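Q: Can you build the whole structure from these sequences, using the hints too?
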Amino acid sequence: MAEQKQNIVEIRHLYKSYHRGSLAVPVLFDITFDIVAGEFLALMGPSGSGKTTLLNLLAGIDKADEGSIRVGDLDITTFSETELAHWRANHVGFIFQFYNLIPVLKAIENVELPLHLTSLSKRERREHAEMALRMVGLDHRMDHYPQELSGGEQQRVAIARAIVTDPTILVADEPTGDLDRVSAEEILAMMERLNTEMGKTIIMVTHDPRAAQRAKILRHLDKGYLTDDDSQNPL
Amino acid sequence: MMILKILFRNAFHNKLRSGLTILGIAVAILAFGLLRTVISSWYAGVEAASTSRLVTRNAISIIFTLPLSYNEKIRQIEGVKMVSYGNWFGGVYIDEKNFFPNFCVEPRTYLEIYPEFVLSPAEKKAFLADRKGFVAGRKLAAKYGWKIGDPVTLKGTIYPGNWDFVLRGIYKGRDDTTDETQFYFHWDYLNETMKKVSPQRADQVGFYMIAVTRPDLSADVALAVDKTFKNSLAETLTETEKAFNQGFIAMSGAIVTAIQMVSFVVIIIIMAVVANTMAMTTRERIGDYAIMKTMGFGGRGITILIFGESLVISLTGCLTGMILTFPAAAAFGQALANFFPVFIVSTETLYLDFLAAILIGCLAAIIPTRQAIRIGIADGLRRIG
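Top to bottom, those sequences are chains A and B.
Here my numbering runs 53 ahead of the position in the first sequence, where the first position is 1.
Here my numbering runs 7 ahead of the position in the second sequence, where the first position is 1.
Think of the hints as simulated: they come from the structure by calculation, not from any bench.
Please note that the accuracy of each hint is not assured.
[To be verified] Here are the simulated BS3-like cross-link-like pairs (lysine-lysine), alpha carbons at most 25 Å apart as the crow flies:
1) 175(A) - 12(B)
2) 12(B) - 159(A)
3) 159(A) - 22(B)
4) 80(B) - 249(B)
All values derive from a computational prediction rather than experimental measurement.
A: As structure tokens, this is what we get:
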């Protein structure tokens with residue numbers, strides 16, 4: 054009998070618009086779907102389709118106008134800013150297109166940074182950060198500053214930073230968008246391993262069909278609407 | 008600890024910008040420190056004044072004299088410990104540009120009343136024994152290269168003629184605030200000469216210095232002195248030495264106010280410069296702050312980062328400026344020794360420097376911090392790339 058996986062994210066009737074002065078620009082319309090625990094989901098769509106906005110809402114860094122987002126047992130749309138910050142620290146790992154490492158911190162310090170919001174001791178923080186860097190194969194570069202690393206290496210440090218707190222979900226916004234093909238393949242392989250071997254739930258926004266190919270589930274957005282109901286990745 | 012590490016590294020990340028800002032703050036603190044020291048020097052005479060000394064002068068104006076006969080009457084007033092007297096001589100050494108304060112005084116009592124003028128016993132004895140002798144402050148003697156036994160001639164401006172003296176002593180100041188640029192000679196020398204050349208100006212005293220037995224008697228003694236000479240031909244005005252000196256300062260009050268205003272304007276200007284630097288820095292790092300917010304860092308962490316960086320820059324500039332103030336003040340004081348005989352950077356000035364730096368650091372960080380906290384994470388992230 055096949056194992057029944059639980060939904061880790063449930064999105065219901067989500068609406069979002071931005072305001073430019075008195076003008077409201079609708080971005081997302083009635084988005085409803087679920088993400089199963091351990092899923093690797095790719096969100097695709099043309100520029101301006103609302104992919105990043107949806108990712109931001111799922112990650113708790115932006116607020117929806119209407120609808121609900123349940124992550125685990127919690128409806129994050131009801132959270133205050135402070136509650137959201139606390140929730141993000143414990144449940145979300147972020148991977149960005151431009152790596153977004155803190156330039157004045159070494160690789161190990163960048164990875165350690167989110168752990169400063171936990172109750173871990175200094176020694177424990179260091180151990181966790183070293184382990185995360187080992188997992189991305191960069192333990193030999195831990196004392197290097199971001200500008201001393203290649204794009205691919207910086208993205209691996211960013212992945213180590215994203216997973217160091219062992220978050221519930223990993224969100225990635227165009228993680229290969231600024232990388233050459235070889236580096237992009239390495240990063241995607243690493244994300245795939247995080248998903249298959251460590252069971253991490255990954256939600257990735259991408260333009261790149263090669264990147265989307267790695268995902269198990271593909272969702273398309275167009276002009277703020279989800280355009281498919283099929284959750285299997287045809288790629 | 009990580010926040011501290013980030014803010015310190017951020018502060019010096021853009022070395023040129025931080026360096027120029029720190030230099031600007033250092034120069035501003037230096038200027039502020041020097042201007043405050045000028046003001047302190049202006050008040051040095053007031054600060055150095057004793058609470059147990061009174062000055063009696065003609066009630067109409069300091070330029071009018073008092074009879075020598077008042078000396079005995081003042082001495083008999085209850086609470087008076089000792090009385091001395093003297094005149095402003097207003098002599099010029101070689102030519103007018105060589106200005107320094109010079110007085111004729113009754114030497115024995117004057118040196119008793121002013122224990123802060125420290126003379127060796129031998130020099131004191133030699134000065135008291137020689138009617139044409141004079142004593143000079145250490146700085147004054149050093150400035151003109153005078154040595155004990157050197158003859159010095161002053162050209163009188165109030166009392167015409169050339170006046171010959173012999174240096175019998177070089178006094179040192181007991182306290183840092185003691186003026187070491189003054190020139191004192193025997194009142195008798197002036198008086199005897201006046202008796203010969205201008206008898207109507209003889210036996211006239213410019214001021215009386217009164218030492219009281221206890222400082223708390225000063226007010227009563229001053230009243231008693233003025234009451235004694237009420238309705239006489241030369242009524243007196245007696246006040247504490249501090250009030251007397253403050254009267255002189257009050258004449259130049261507008262200048263002091265102007266200097267005070269300039270010193271604060273300097274701080275306001277540098278505050279604007281630092282605020283501009285912090286605004287640029289914050290704009291540059293808005294992405295970093297957004298990333299930290301995504302990780303769960305709140306407004307407090309961002310505030311500490313921006314305020315901390317601003318304070319690190321302003322305090323580094325302040326420290327540099329404070330260190331530079333000492334040699335600059337020494338050079339300034341030497342160059343303007345005639346006008347500012349006591350030119351010392353006070354502890355109060357250093358505290359004000361420090362306070363100004365804290366103020367600059369904090370005020371410069373307020374608006375950038377507000378902007379960094381208010382910007383949404385999504386907006387902050389959009390600015391990256």
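Q: List, from low to high, the hint numbers that the structure doesn't satisfy.
A: none
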